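Undergrad: Take the given structure of chain A and dock chain B to it, following the hints.
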Amino acid sequence: MDTAESTTTVPKKNSKLKQSLINFFTDLYKINQFILRFFREAFLPPFELKEVVRQCFEVGVRSFTLISVTGFIVGVIFTKQSRPSLSEFGATSWLPSLVSIAIMRALAPLVTALIASGKVGSSIGAELGSMRVTEQIDAMEVSGTKPFKFLVCTRVLATTITIPILSTYTALIAIVGGYLNVSQNEGTSWSTFIQQVFEPLTFIDFVASLIKSIVFGFTIGIVGCYQGYNSTKGTEGVGKAANGAVVTAMFLVFIEEVIIVQITSWFR
Amino acid sequence: MKKVKTQVDHSNPVISIRGLKKSFEDYAVLRGIDLDLYQGENLVVLGRSGTGKSVLIKIISGLLKPDEGEITVLGHNLAEITEAQLQELRIRIGFSFQNSALYDSMTVRKNLEFPLVRNRKNITRKEINTSVETVLEAVGLSQTINQMPSELSGGQRKRIGIARTLILNPEIMLYDEPTAGLDPITCIEINDLINEVQQRYNTSSIIITHDLTCAKQTGDRIAMLLDGQFQRTGTFEEVFNTNDERVKPFFDYNFIQ
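Heads up: the sequence lines are chains A and B, in that order.
Just so you know, the first sequence maps onto residues 1208 to 1475 in our numbering.
Just so you know, the second sequence maps onto residues 215 to 471 in our numbering.
Among the hints, erroneous ones may be present.
[What the hints assert, rightly or not] No farther apart than 30 Å at their CA atoms in a straight line, the calculated lysine-lysine pairs in the DSSO-like style are these:
| no. | chain 1 | residue 1 | chain 2 | residue 2 |
| --- | --- | --- | --- | --- |
| 1 | B | LYS340 | A | LYS1257 |
| 2 | A | LYS1225 | A | LYS1440 |
| 3 | A | LYS1356 | B | LYS340 |
| 4 | B | LYS324 | A | LYS1326 |
| 5 | A | LYS1356 | A | LYS1447 |
| 6 | B | LYS324 | B | LYS335 |
| 7 | B | LYS340 | B | LYS279 |
| 8 | A | LYS1237 | A | LYS1223 |
| 9 | B | LYS430 | A | LYS1356 |
| 10 | B | LYS279 | A | LYS1447 |
| 11 | A | LYS1353 | B | LYS340 |
| 12 | B | LYS235 | A | LYS1440 |
| 13 | A | LYS1225 | A | LYS1237 |
| 14 | A | LYS1353 | A | LYS1237 |
| 15 | A | LYS1353 | B | LYS235 |
| 16 | A | LYS1237 | B | LYS235 |
| 17 | B | LYS324 | A | LYS1257 |
| 18 | A | LYS1237 | A | LYS1220 |
| 19 | B | LYS279 | A | LYS1237 |
| 20 | A | LYS1356 | B | LYS279 |
| 21 | B | LYS340 | B | LYS324 |
| 22 | B | LYS430 | B | LYS235 |
| 23 | B | LYS279 | A | LYS1353 |
[As the list claims (entries may be wrong)] Which residues of chain A face chain B? A few of them, derived with a C-beta cut under 8 Å, are:
| no. | residue |
| --- | --- |
| 24 | THR1341 |
| 25 | GLN1343 |
| 26 | ASP1345 |
| 27 | ALA1346 |
| 28 | GLU1348 |
| 29 | SER1350 |
| 30 | GLY1351 |
| 31 | THR1352 |
| 32 | GLU1464 |
| 33 | ILE1467 |
Just so you know, the hints here were simulated from the structure itself, not pulled from any lab data.
Quick caveat, the model's predicted, so the values are computed rather than measured.
Note that CB positions come from ideal geometry on N, CA and C, so glycine has one too.
Okay, chain A solo, but in the shape it has when bound (with noise of 0.2 Å):
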């Protein structure tokens, strides 16, 4: 009996992995159909530039409170945690440098398109979810409106040219953060700790960092309009997008961020 089961299960279990694989592939043609769509609508005219304005200001707005408060705590918190190990070799005087180049290299980027990924990617997945399950983007396109062009590819380009604004004032917030720990604790003057945060930083830390918060903003956008532009099922669809969004769009943050890293190490 066990034998016949066992025989049973094992067809069964094939075929639930070829699915999820069919469905997994594509998943991904989908998506890079779409990320198409998007390079094709969007640079040609009519341009939405009032619109992406709009929705360059929306992005800024909503995650600005939340970047200033966290960057700020991290510049504090890795201050603070780096300085015992720094004081074991007497070599407290390279907080500042160590700092920059923490933040500038990975932290910055990376805690802002975290944070955006939540705030921006789970509003654009569920506003555009709940827009295509209430038939808004229907009547946009009924109307004479391309809706891929007034609303996809606006929140794409927006976020991709608000992440890295927002990227490099949580970069200046967290040296903040740092400075008032280390001249609480070494009284070092802030001309002295800027010098000595800009010291080790190199023309390829700012590209770099400039290549990753762009990636990470293009990726937040395109990620959240996907999940919500093909939104399905009503309500549950919604919650379903906007959930989609901010694990999907974190889940490739982490990935291209190794994938980043591991190309500007060659050019260092």
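TA: This is chain B only, laid out in the frame that chain A set:
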């Protein structure tokens, strides 16, 4: 308000459909539809839920693609026109959605301005304001101009949805379940509005419904959709003066209700 007998030009079909078929996965929803909508006519498509009524008008407006068949709208074969031509054609077709589909992040004014601003590039602010006020007056909701869709009742939302399509002066109106979910008095008001739109804007309309009162009050001609095909077509009396077991229960149920 009693429906005024309208002049229908039977020599001039604005929509012509031949052999339309549409399936979703293995389920054939439309199984060979032939249909003509004439200039100035209100055609009511009746049928049970899930029989493909909404699918039919979504195909006409280009939101869905048919599997087979030829669809000609205002002289354009939908299979042969480009995306840009379809966009232009859509401006001449008004689509009133079942749930109104108002943009819920915009006020009533912005909802009405949206199609206008996006399709009439050189329009002035004064012209926009005049158009918005005119259509709002036509649907009797001038006082709601600065309200958000969430502040409107179901009937008001339907009216604003219709106003949003009227602002582009469409030649054809497609109504998807215009009275669904409304109380009987509001239903009558919406039916009157549909007739008023036909008179005032000289539109030809397809009205999708399963509400026989709506069908009787608004339709110049009724088409009964059963099993993916039009089984009976004619005036209200012609369609329902029958012993057809597939049609009779529909009539009995509606009027008992």
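Undergrad: Now look at each hint and say whether the structure bears it out.
TA: Against the structure, the hints come out as follows:
Note on B:LYS340 and A:LYS1257: the hinted pairing holds, with a Cα-Cα distance of about 21 Å set against a maximum of 30 Å. Between the alpha carbons of A:LYS1225 and A:LYS1440 the distance comes to roughly 25 Å, so the proposed pair stays at or under 30 Å and holds. Distance check on the hinted pair: A:LYS1356 and B:LYS340 sit about 28 Å apart at the alpha-carbon level, within 30 Å; holds. Restraint check for B:LYS324 and A:LYS1326: the C-alpha separation of about 26 Å stays at or below 30 Å, so the hint holds.
The straight-line distance between the Cα atoms of A:LYS1356 and A:LYS1447 is roughly 23 Å, inside the 30 Å bound, and the hint therefore holds. For the hint linking B:LYS324 to B:LYS335, the alpha-carbon distance of about 16 Å falls within 30 Å, and the restraint holds. Among the hinted pairs, B:LYS340 with B:LYS279 is inconsistent with the structure: their alpha-carbon atoms are about 39 Å apart, more than 30 Å. For the hint linking A:LYS1237 to A:LYS1223, the alpha-carbon distance of about 21 Å falls within 30 Å, and the restraint holds.
Under the criterion of a C-alpha separation no larger than 30 Å, the hint pairing B:LYS430 with A:LYS1356 is inconsistent with the structure, at around 41 Å. This hinted pair checks out: B:LYS279 and A:LYS1447 have alpha carbons roughly 27 Å apart, not beyond 30 Å. Proximity of A:LYS1353 to B:LYS340 is assessed by CA-CA distance (about 25 Å); at most 30 Å being required, the pair is judged to hold. Of the supplied pair hints, the one linking B:LYS235 and A:LYS1440 holds, its CA atoms being roughly 24 Å apart against a limit of 30 Å.
This hinted pair checks out: A:LYS1225 and A:LYS1237 have alpha carbons roughly 18 Å apart, not beyond 30 Å. Our distance criterion of 30 Å between C-alpha atoms is met by A:LYS1353 and A:LYS1237, whose separation comes to about 19 Å. A hinted pair counts as satisfied when its Cα atoms are at most 30 Å apart, and A:LYS1353 with B:LYS235 qualifies at roughly 27 Å. For the suggested pair A:LYS1237 and B:LYS235, the alpha carbons sit about 26 Å apart, so the restraint of at most 30 Å is met.
The suggested pairing of B:LYS324 with A:LYS1257 holds, with an alpha-carbon distance near 15 Å, which does not exceed 30 Å. Taking the CA atoms of A:LYS1237 and A:LYS1220, the gap is near 26 Å; set against the 30 Å cutoff, the hint holds. Restraint check for B:LYS279 and A:LYS1237: the C-alpha separation of about 18 Å stays at or below 30 Å, so the hint holds. Restraint check for A:LYS1356 and B:LYS279: satisfied, since their Cα atoms lie roughly 21 Å apart, inside the 30 Å limit.
A hinted pair counts as satisfied when its Cα atoms are at most 30 Å apart, and B:LYS340 with B:LYS324 qualifies at roughly 15 Å. Using a Cα cut-off of 30 Å, the hinted pair B:LYS430 and B:LYS235 holds, with the two alpha carbons roughly 28 Å apart. For the proposed pair B:LYS279 and A:LYS1353, the alpha carbon gap of about 17 Å is at most 30 Å, so the pair holds. Look at A:THR1341: its Cβ gets to within about 6 Å of chain B, closer than 8 Å, so that hint holds up.
Taken as an interface hint, A:GLN1343 checks out: its beta carbon lies about 5 Å from the nearest beta carbon of chain B, inside 8 Å. Annotation: interface hint on A:ASP1345 holds; nearest CB of chain B at approximately 6 Å, less than 8 Å. The beta carbon of A:ALA1346 comes within 4 Å of a beta carbon in chain B, closer than 8 Å, and the hint placing it at the interface holds. For the restraint placing A:GLU1348 at the interface with chain B, the shortest Cβ-Cβ distance is roughly 6 Å, inside the 8 Å limit, so the hint holds.
At a threshold of 8 Å, the smallest CB-CB gap from A:SER1350 to chain B is about 4 Å, leaving the interface hint in force. Using the Cβ-Cβ criterion of 8 Å, the hint placing A:GLY1351 at the interface with chain B is satisfied: the shortest such distance is roughly 4 Å. Taken as an interface hint, A:THR1352 checks out: its beta carbon lies about 5 Å from the nearest beta carbon of chain B, inside 8 Å. For A:GLU1464, the suggested interface contact is broken, since its CB lies about 33 Å from the closest CB of chain B, more than 8 Å.
At about 35 Å, the closest approach between the beta carbon of A:ILE1467 and any beta carbon in chain B exceeds 8 Å, and the interface hint on this residue is violated.
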